[in-house]
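Novice: Residue numbers (the working numbering): 9 to 876.
Don't read these hints as lab results, they were simulated from the structure.
There may be inaccurate statements among the hints.
What the hints assert, rightly or not - In the BS3-like style, the derived pairs of lysine-lysine whose C-alpha atoms are separated by at most 27 angstroms in a straight line are: (1) 765 to 793; (2) 42 to 165; (3) 781 to 793; (4) 520 to 587; (5) 567 to 733; (6) 75 to 92; (7) 541 to 689; (8) 765 to 781; (9) 567 to 541; (10) 807 to 774; (11) 767 to 733; (12) 767 to 743; (13) 844 to 689; (14) 844 to 688; (15) 63 to 75; (16) 637 to 733; (17) 733 to 765; (18) 807 to 689; (19) 42 to 781.
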Amino acid sequence: MGSAIWTDDLCIVSGDNRSWGDSNTVVELWCRSKQGHSTLLLVNGMRPYIEISPKDNGCSGTEEEIKQVLEISTVIDIQPPVIKWTSQGEAPHWRVLVRDTTVVSRLRERLRADWRVTSADIQFHKRLMLDLDLGPHIRAKGQILYASDGAPEEVRKLSPESEDALENILEIGGRGLYPVDIVMSCNAEDLETCEPFQTPFVTLSIDLETSIATNNILCAAVVIDRAGERTEHVYRGDERTEILEPICQLVREQDPDIITGYNIDNFDLPRILDRTEALAKKDERVDLFGWGRVPLDEKSRRIIPNRGQNRTWNISGRVPMDAWWQVRQTLRPERESLRFVSALIWPEDEDRRKLDVDSSRMDEEWASRPEEVIRYCLRDTHLPLDILQHLQSVQQKEALAAVARTSFSTAAIETTSQWIDSLVIRLADRENVAVPTTRQGRRGEQIAGGYVHEVEPGLRSWVAVLDFKSMYPSIMISNNICSTTLVDSEFHEDMEDDLVSPSTGTRYRSHKNRPGLVPRLLSDLMAQRDQYKAEARKARNEGNEQAAFLNERLQFAVKILMNSFYGVFASAFYRFTHKDIGASITEWARHNIRSIISDLGNDGYDVVYSDTDSIFVRTRGLDNAPIDKPDESEDSFAIWSQARSETISFGRRLAERYSKEGAELEFETAMSAFFSHGAKKRYVGRVVWPREEMLIRGYEVRRTDSFRLLTTTMTMLFEHILQGKQESAVDRTRKVIDRVRAGDIDIADLVISRSCKGKWNKRESKWDFSVYKNEDGLPYVRAAKQRIERGLGFTPGMKVGYVVSNANSSPMQVSAWLTDELGEEPPAYDAEYYAKRLATALGRITEAFGWSEKELLQGSRQQSLFDF
DNA sequence: GAGGTGTCCTAG
DNA sequence: TCAGCTAGGACACCTC
Numbered sequence: 009m010g011s012a013i014w015t016d017d018l019c020i021v022s023g024d025n026r027s028w029g030d031s032n033t034v035v036e037l038w039c040r041s042k043q044g045h046s047t048l049l050l051v052n053g054m055r056p057y058i059e060i061s062p063k064d065n066g067c068s069g070t071e072e073e074i075k076q077v078l079e080i081s082t083v084i085d086i087q088p089p090v091i092k093w094t095s096q097g098e099a100p101h102w103r104v105l106v107r108d109t110t111v112v113s114r115l116r117e118r119l120r121a122d123w124r125v126t127s128a129d130i131q132f133h134k135r136l137m138l139d140l141d142l143g144p145h146i147r148a149k150g151q152i153l154y155a156s157d158g159a160p161e162e163v164r165k166l167s168p169e170s171e172d173a174l175e176n177i178l179e180i181g182g183r184g185l186y187p188v189d190i191v192m193s194c195n196a197e198d199l200e201t202c203e204p205f206q207t208p209f210v211t212l213s214i215d216l217e218t219s220i221a222t223n224n225i226l227c228a229a230v231v232i233d234r235a236g237e238r239t240e241h242v243y244r245g246d247e248r249t250e251i252l253e254p255i256c257q258l259v260r261e262q263d264p265d266i267i268t269g270y271n272i273d274n275f276d277l278p279r280i281l282d283r284t285e286a287l288a289k290k291d292e293r294v295d296l297f298g299w300g301r302v303p304l305d306e307k308s309r310r311i312i313p314n315r316g317q318n319r320t321w322n323i324s325g326r327v328p329m330d331a332w333w334q335v336r337q338t339l340r341p342e343r344e345s346l347r348f349v350s351a352l353i354w355p356e357d358e359d360r361r362k363l364d365v366d367s368s369r370m371d372e373e374w375a376s377r378p379e380e381v382i383r384y385c386l387r388d389t390h391l392p393l394d395i396l397q398h399l400q401s402v403q404q405k406e407a408l409a410a411v412a413r414t415s416f417s418t419a420a421i422e423t424t425s426q427w428i429d430s431l432v433i434r435l436a437d438r439e440n441v442a443v444p445t446t447r448q449g450r451r452g453e454q455i456a457g458g459y460v461h462e463v464e465p466g467l468r469s470w471v472a473v474l475d476f477k478s479m480y481p482s483i484m485i486s487n488n489i490c491s492t493t494l495v496d497s498e499f500h501e502d503m504e505d506d507l508v509s510p511s512t513g514t515r516y517r518s519h520k521n522r523p524g525l526v527p528r529l530l531s532d533l534m535a536q537r538d539q540y541k542a543e544a545r546k547a548r549n550e551g552n553e554q555a556a557f558l559n560e561r562l563q564f565a566v567k568i569l570m571n572s573f574y575g576v577f578a579s580a581f582y583r584f585t586h587k588d589i590g591a592s593i594t595e596w597a598r599h600n601i602r603s604i605i606s607d608l609g610n611d612g613y614d615v616v617y618s619d620t621d622s623i624f625v626r627t628r629g630l631d632n633a634p635i636d637k638p639d640e641s642e643d644s645f646a647i648w649s650q651a652r653s654e655t656i657s658f659g660r661r662l663a664e665r666y667s668k669e670g671a672e673l674e675f676e677t678a679m680s681a682f683f684s685h686g687a688k689k690r691y692v693g694r695v696v697w698p699r700e701e702m703l704i705r706g707y708e709v710r711r712t713d714s715f716r717l718l719t720t721t722m723t724m725l726f727e728h729i730l731q732g733k734q735e736s737a738v739d740r741t742r743k744v745i746d747r748v749r750a751g752d753i754d755i756a757d758l759v760i761s762r763s764c765k766g767k768w769n770k771r772e773s774k775w776d777f778s779v780y781k782n783e784d785g786l787p788y789v790r791a792a793k794q795r796i797e798r799g800l801g802f803t804p805g806m807k808v809g810y811v812v813s814n815a816n817s818s819p820m821q822v823s824a825w826l827t828d829e830l831g832e833e834p835p836a837y838d839a840e841y842y843a844k845r846l847a848t849a850l851g852r853i854t855e856a857f858g859w860s861e862k863e864l865l866q867g868s869r870q871q872s873l874f875d876f
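Model the full structure from these sequences, guided by the hints.
Specialist: Structure representation (structure tokens):
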């Protein structure tokens with residue numbers, strides 16, 4: 009081969025590895041370049057390994073024992089031992105180099121009998137990122153093996169003839185001609201991290217319209233988004249030759265990094281797989297669903313997308329990002345149909361949510377007006393792209409990848425423990441700390457969590473709210489909490505400067521003695537976040553909006569990442585966890601907050617409420633100040649204003665008094681009024697600083713399984729209460745209850761919606777709700793069954809809307825809410841049920857002022873007689 | 001009707 | 001949802 013060397017800045021989309029030759033492994037990194045070209049890196053020069061160390065009642069590491077391991081046929085070599093830190097003391101660790109990645113899991117299980125096995129369950133492309141200390145954005149130098157017509161001119165000039173290309177790729181362990189713009193061969197040392205940038209990813213969105221009678225695909229639309237530029241593609245006709253095969257070709261030509269759609273995980277992708285299996289013999293299926301970013305080869309299992317037990321699909325080299333899932337996670341809408349969500353995001357835009365096609369009668373619609381169906385299908389293909397754009401999902405995941413130093417794919421579709429692994433393992437390796445495998449097995453006793461202060465029912469005036477900044481991370485930093493600093497009395501002596509948890513006495517080594525890995529990572533992240541914040545501010549001041557957004561996303565990603573640490577370390581199965589770690593973090597938290605509460609109590613202050621890391625304290629001496637903001641012309645305005653500034657300075661004083669090194673108490677808000685009916689995690693506040701707003705927590709208003717009439721009535725009630733107008737609040741509440749009884753209500757305001765689980769039973773071709781102990785005892789499951797019967801889609805975990813039509817029978821009768829999707833008449837509702845539910849929920853609140861639920865139900869008329 | 005169980009959803 | 005955590009409120013349903 010010639011010296012066709014090329015250097016490029018790339019973002020790693022996803023990775024995999026392949027064993028080749030006698031004993032080689034090549035890592036495949038699918039990337040998108042800063043300039044927009046798709047590039048596959050084939051990286052050679054790394055050998056898979058696992059590590060072994062002595063085990064009680066097993067091998068101790070004698071020369072003879074090591075020799076025996078070396079004799080195992082899949083073991084290539086063993087490196088001289090390195091002393092590594094383990095939870096049971098320091099021990100020699102031998103790195104066992106293995107033939108290739110295919111033999112790792114069997115060898116691991118075999119060696120486990122006699123050895124402690126570590127660093128033995130890390131995917132090889134992740135291992136490469138860890139060992140080379142790479143993040144997602146890299147500068148790669150390598151030899152051009154192949155360049156398609158889509159590659160830049162200068163790269164094509166470096167590319168060998170195409171016959172040679174295939175041969176060259178195979179020669180270094182590649183699978184064949186990958187469907188990408190550029191294939192490069194690199195050595196491990198040719199890769200390095202570069203500055204994060206915003207990658208011009210290519211996204212493909214797809215939507216199918218299918219027959220209800222036969223499950224066939226009637227038509228499909230695909231929209232490709234190339235850094236904002238969209239192209240549309242429509243398919244109809246023969247399912248195989250005019251729909252699936254051309255779509256497959258399009259995927260391979262256009263080579264998207266991200267696959268999206270609305271509900272693709274549970275609908276479009278499974279349906280395409282089903283139809284592929286029905287239409288084509290095994291060896292022909294690659295032509296229909298060979299979407300993987302690997303060469304067309306019917307023998308490769310990786311070319312056809314698959315889904316194991318996971319929620320998300322595995323599409324080699326690409327990242328499925330279901331717009332439905334993104335919406336759920338970030339917007340938490342009350343209902344999740346594409347129609348409802350479009351209306352939520354673009355309330356002004358009628359076109360985006362018009363119902364031109366009745367999807368429950370798709371076969372008739374397709375027969376009578378196919379053009380409308382296609383138009384509708386095409387619109388629903390654009391919408392997921394609009395949604396991802398609106399939510400900034402892709403950019404946010406890329407920022408997370410940058411700060412967690414993972415591939416885009418790990419940030420976008422893998423789990424929190426994978427993000428933490430990426431940071432912790434690379435530090436552990438650098439510091440010779442052994443990396444245990446993920447624990448399996450049952451979860452034991454639950455650890456105790458945060459402290460929640462009892463709250464008295466009623467209205468309180470002038471309250472300062474304070475909370476600890478990043479409480480759990482701060483506790484982990486200041487007490488040096490880490491599995492590497494935990495003192496296990498079985499293996500370690502106590503030391504004088506150990507940090508000891510307040511009640512159970514869990515001990516950690518001092519920072520001076522042995523700085524923990526996790527505390528160091530966390531304080532680095534805190535500093536990094538401050539830096540991104542500063543850079544965002546600077547960029548904004550300089551008018552550089554793009555840099556401001558980038559830094560804003562990065563600082564937010566750091567926040568998400570920092571907050572994930574506690575949960576992962578408190579989990580039962582994480583590789584670096586110990587049950588005492590999670591328990592002692594929360595123990596310190598409870599101790600800190602309770603001592604402040606009791607201190608304030610001793611000083612005569614009234615602590616109104618507290619939850620985990622927050623404290624609500626009344627300002628003294630303001631009992632007569634008005635809570636409702638008077639008009640500036642009124643005399644009382646000065647009193648209100650004075651009360652506000654006193655509360656602010658009180659809050660600031662408290663923050664100062666109780667902040668200490670590593671536990672910063674921040675003054676968060678000032679409230680002129682605080683109300684709770686006496687239940688923890690449920691309160692309302694009238695915030696007067698730093699903004700003026702009403703803050704509601706926990707109440708039905710916040711819940712997606714409430715109904716809109718309850719939400720709006722309760723909001724009204726709170727507004728009145730916080731203005732001190734209880735009487736008129738009660739009267740208006742009664743009127744609403746009257747209207748429900750009289751049928752003078754928009755039924756859409758009575759829809760209740762809850763998530764419903766379910767599994768597709770392939771054998772019987774129907775949805776299975778047996779995850780529930782008593783499936784028919786749950787209203788939302790009954791509603792889901794009605795939906796399915798009507799030919800509407802169901803996906804596991806989706807929210808199912810319904811209206812209660814008769815609550816006198818047990819179980820109550822419900823009618824699924826199909827109006828969003830089918831535009832049909834709303835069902836009849838049980839007026840007494842809704843009147844009662846309103847009265848119960850609102851009565852809990854009015855009870856605090858002496859109006860019971862019963863009184864609310866009595867109706868507004870008698871009350872009105874007295875009023876007027 | 002009280003009390004227990006199962007389930008969802010939220011606060012932090 | 002083979003992998004972040006606990007505390008807590010509320011509702012429907014079932015049993016006695």
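Novice: What are the numbers of the hints that this structure violates, sorted from low to high?
Specialist: Per hint list: 5, 7, 11, 12, 17, 19 violated.
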